[in-house]
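Engineer: Sequence:
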Amino acid sequence: MQCRQQALPAIALGRCIIAIVIVLNVTISARLHVAFPVFNHSSFSFWFKYFTVISQVILSLLWFSIQSYTGSECIYQQCVDRDLCRCGN
Numbered sequence: 001m002q003c004r005q006q007a008l009p010a011i012a013l014g015r016c017i018i019a020i021v022i023v024l025n026v027t028i029s030a031r032l033h034v035a036f037p038v039f040n041h042s043s044f045s046f047w048f049k050y051f052t053v054i055s056q057v058i059l060s061l062l063w064f065s066i067q068s069y070t071g072s073e074c075i076y077q078q079c080v081d082r083d084l085c086r087c088g089n
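Residue 1 is where the sequence shown starts when you use the working numbering, and the numbers rise one by one after that.
Careful, some of the hints might be misleading.
Derived CB-CB ranges, DEER-like [stated by the list, open to error]:
| # | residue 1 | residue 2 | range |
| --- | --- | --- | --- |
| 1 | 71 | 31 | 31 to 37 Å |
| 2 | 18 | 73 | 37 to 43 Å |
| 3 | 7 | 61 | 43 to 49 Å |
| 4 | 42 | 7 | 38 to 44 Å |
| 5 | 76 | 41 | 21 to 27 Å |
Because the hints were derived from the structure by calculation, they are not lab data. Glycine included, every Cβ here is placed at the ideal spot set by N, Cα and C.
Model the full assembly from the supplied sequences, consistent with the hints where possible.
Structural biologist: Okay, structure coming up:
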């Protein structure tokens with residue numbers, strides 16, 4: 001039970017921190033009803049805005065791959081190797 005008691009609070013704390021960052025990130029757009037491309041075009045030049053969009057796509061692909069790997073490791077631990085953490089499923 002020690003693995004579960006340490007992992008669940010760590011996951012909950014991480015999700016709360018991520019939620020705070022996401023809320024702070026979209027506050028301006030939500031208040032002004034401005035979409036990301038309009039806000040991006042006003043902040044950067046016409047050609048540099050494409051760099052920001054491409055970097056956002058690359059970052060989202062990287063984040064999706066990290067989340068997929070973490071999920072596959074969780075499935076592996078629960079289904080295949082139950083005795084590794086002795087979590088008592």
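Engineer: Taking 43 to 49 Å as the hint, is the beta-carbon distance of residue 7 and residue 61 inside that range?
Structural biologist: Given about 26 Å between the Cβ atoms, the range is violated.
Engineer: Is the hinted range of 31 to 37 Å satisfied by the C-beta distance from residue 71 to residue 31?
Structural biologist: Roughly 34 Å apart at Cβ, these two residues keep to the hinted range, so it holds.
Engineer: Is 38 to 44 Å respected by the C-beta to C-beta distance linking residue 42 and residue 7?
Structural biologist: holds (42 Å)
Engineer: Does the Cβ pair residue 76, residue 41 satisfy 21 to 27 Å?
Structural biologist: violated (44 Å)
Engineer: For the pair residue 18 and residue 73, does the Cβ-Cβ distance stay inside 37 to 43 Å?
Structural biologist: Since the Cβ atoms of residue 18 and residue 73 sit about 19 Å apart, the hinted range of 37 to 43 Å is violated.
Going down the numbered hints, you'll see the structure goes against 2, 3 and 5, while the others check out.
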